Amino acid sequence: MDAPYTHKKYITSSNGDPKKNVKTLYTVKNGPSYGLIISKKLNRTVRLFSDVDLATNDIYYQNFGNNSISEDSVDLTVLELTTKTMTVNPVKIKFTLNEMNPRPYLKACRPMRILTGSSAVIHTDYLNAALTSGFNSDQITYEILYTHQGHVVFLNSLSVSLSTFTQVDLRRGRVGFVHSGSQKGTACGFAFVLIYNLHRSEIYQFQIIPGTVELNVVSNRTLLVFPKGFEIITPHHINTQIKFSALKPMDYESNSTALENNNLSNTSSSLENELGLYVVYKVLSQPTHGSIVRFSVTDRNHLAVWNDSVYEFTQEEIKLGRIAYTFHPNKWRINRNHFTLLQYNSDIEDEYIVSASIVKRTTIMNKDNEKNYNNNNNKKDHNITDISNYHDYAEHLTSQIIFGSISISYDYIFKYNQNRLLNINPLILHNGHTVEITLSHINPNPVRDFFRNNRSESKNLKIARPPEHGALWLGSKRMKTGSVIPGLLSGELEEKLIYQHDGSLTKKTVSNYWYIN
Numbered sequence: 001m002d003a004p005y006t007h008k009k010y011i012t013s014s015n016g017d018p019k020k021n022v023k024t025l026y027t028v029k030n031g032p033s034y035g036l037i038i039s040k041k042l043n044r045t046v047r048l049f050s051d052v053d054l055a056t057n058d059i060y061y062q063n064f065g066n067n068s069i070s071e072d073s074v075d076l077t078v079l080e081l082t083t084k085t086m087t088v089n090p091v092k093i094k095f096t097l098n099e100m101n102p103r104p105y106l107k108a109c110r111p112m113r114i115l116t117g118s119s120a121v122i123h124t125d126y127l128n129a130a131l132t133s134g135f136n137s138d139q140i141t142y143e144i145l146y147t148h149q150g151h152v153v154f155l156n157s158l159s160v161s162l163s164t165f166t167q168v169d170l171r172r173g174r175v176g177f178v179h180s181g182s183q184k185g186t187a188c189g190f191a192f193v194l195i196y197n198l199h200r201s202e203i204y205q206f207q208i209i210p211g212t213v214e215l216n217v218v219s220n221r222t223l224l225v226f227p228k229g230f231e232i233i234t235p236h237h238i239n240t241q242i243k244f245s246a247l248k249p250m251d252y253e254s255n256s257t258a259l260e261n262n263n264l265s266n267t268s269s270s271l272e273n274e275l276g277l278y279v280v281y282k283v284l285s286q287p288t289h290g291s292i293v294r295f296s297v298t299d300r301n302h303l304a305v306w307n308d309s310v311y312e313f314t315q316e317e318i319k320l321g322r323i324a325y326t327f328h329p330n331k332w333r334i335n336r337n338h339f340t341l342l343q344y345n346s347d348i349e350d351e352y353i354v355s356a357s358i359v360k361r362t363t364i365m366n367k368d369n370e371k372n373y374n375n376n377n378n379k380k381d382h383n384i385t386d387i388s389n390y391h392d393y394a395e396h397l398t399s400q401i402i403f404g405s406i407s408i409s410y411d412y413i414f415k416y417n418q419n420r421l422l423n424i425n426p427l428i429l430h431n432g433h434t435v436e437i438t439l440s441h442i443n444p445n446p447v448r449d450f451f452r453n454n455r456s457e458s459k460n461l462k463i464a465r466p467p468e469h470g471a472l473w474l475g476s477k478r479m480k481t482g483s484v485i486p487g488l489l490s491g492e493l494e495e496k497l498i499y500q501h502d503g504s505l506t507k508k509t510v511s512n513y514w515y516i517n
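In UniProt numbering, the protein residues as written are 1 to 517.
Since the hints were derived computationally from the structure, they do not count as laboratory data. Computed from a prediction, not measured in an experiment: that's the story for all the values here. Cβ atoms here follow ideal geometry from the backbone N, Cα and C, with glycine treated the same way. You can take every hint at face value.
Taking CB as the label site, the calculated pair distances span:
| hint | residue 1 | residue 2 | range |
| --- | --- | --- | --- |
| 1 | K477 | S296 | 47 to 55 Å |
| 2 | T77 | A108 | 45 to 53 Å |
| 3 | Q183 | I401 | 22 to 30 Å |
| 4 | K477 | D502 | 13 to 21 Å |
| 5 | S219 | Y311 | 18 to 26 Å |
| 6 | V218 | S296 | 24 to 32 Å |
| 7 | K29 | A55 | 19 to 27 Å |
| 8 | I353 | S504 | 46 to 54 Å |
| 9 | V359 | S309 | 16 to 24 Å |
Input sequences plus hints: build the corresponding full structure.
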């Protein structure tokens with residue numbers, strides 16, 4: 001490989017202005033290890049050349065042709081000469097060597113799981129090739145030598161077995177594997193070679209692990225509901241997990257150094273990405289005294305956008321906080337033939353029933369998006385006649401009935417739902433200072449609205465626990481546990497409510513909160 005020196009970086013001002021009496025010479029101090037410095041004009045190696053030689057592109061680096069070397073270098077001494085002075089500087093030039101004929105190699109060849117009798121996309125996370133030169137690898141061809149327990153296909157035609165496909169096919173998610181449905185624990189996958197121009201790699205084998213999945217209920221806890229507003233259903237309340245079970249551990253021999261160990265996780269998160277599986281809950285019975293709703297936003301402070309009485313939702317939506325329960329007092333009164341208002345000390349039980357199912361996404365490619373794609377290069381492709389289950393639409397694989405319990409009470413007031421009664425904003429002050437607490441910090445409008453629609457014997461706000469790093473003062477009276485805050489519910493505090501910090505270095509922690517009930 002020949003490469004000319006660029007003269008722009010090392011040329012001196014004498015080349016730009018010939019009137020100046022400056023000349024630059026370069027001497028080779030340490031020659032390159034895997035090549036030569038040559039002059040094309042002289043047709044031989046040189047150890048001394050000038051800036052004029054560089055400007056005319058006469059000086060070249062010529063590599064010996066060692067494909068295993070990716071870098072070389074040469075050490076030069078630069079002499080800038082005038083009629084009176086000479087300046088000497090060292091220069092090191094590095095050469096990056098690219099192959100003229102790059103070879104394909106495997107970057108990834110990891111075992112991939114598949115459901116028995118189903119199909120799966122072969123992602124580049126599991127099978128991926130590249131070129132040694134770093135060039136574009138899209139035209140690397142995979143030539144299939146033989147398969148076990150299934151066939152390699154394009155996803156827009158699951159009934160046609162492939163003999164070849166390219167790296168760009170893999171990258172665009174076109175290539176899949178259809179399992180034959182065999183229950184035998186023998187080897188599954190295919191053997192192949194990589195082809196690029198005249199290069200043909202050794203034989204590699206891609207391992208596929210067939211198996212089945214089951215649904216495990218991780219949690220099913222009672223949802224504690226405050227009657228006002230919405231209560232988010234979280235994975236703490238209902239959570240399921242998909243578990244994969246291989247037919248049998250298999251030893252798959254391979255000459256490939258890229259084949260990795262079978263460290264496959266059986267958790268739901270990896271299976272969702274790998275097999276296209278997810279958990280769907282179908283509501284068989286809505287709650288008696290309320291309904292399950294879905295939010296189009298996850299901000300609990302903005303609950304205006306919601307859909308009542310949803311009949312299907314996913315585990316992912318539960319993780320995102322989009323599924324909730326809302327209590328309907330009117331439904332409760334009608335169901336109980338009790339036409340009085342809900343009392344403060346009322347405890348209500350409710351329930352819902354769902355069917356949790358593992359659902360598989362379709363792996364059939366949309367043909368409308370593949371109009372420009374054809375299989376003309378697959379001359380040896382043939383129709384599959386021994387596979388009956390290749391129509392892989394979205395389907396429910398397994399289901400389980402789950403009974404969800406709900407408990408409704410005015411006692412269920414927590415940090416995450418206290419804004420349904422009081423709009424509370426943080427109190428910010430400097431260390432050791434004192435600041436007044438106003439209705440902008442504790443806004444009672446929600447609780448006043450609550451009391452207008454619900455009967456209760458207790459309509460006073462009391463201190464449940466005073467702050468640990470300061471003191472609360474109502475006028476000249478220090479507030480303690482059980483102290484009443486008069487006037488707050490009417491919207492007019494009778495006296496100033498003051499918080500005084502004790503000067504400690506403690507920042508905002510749980511102990512800095514004070515509680516009211």
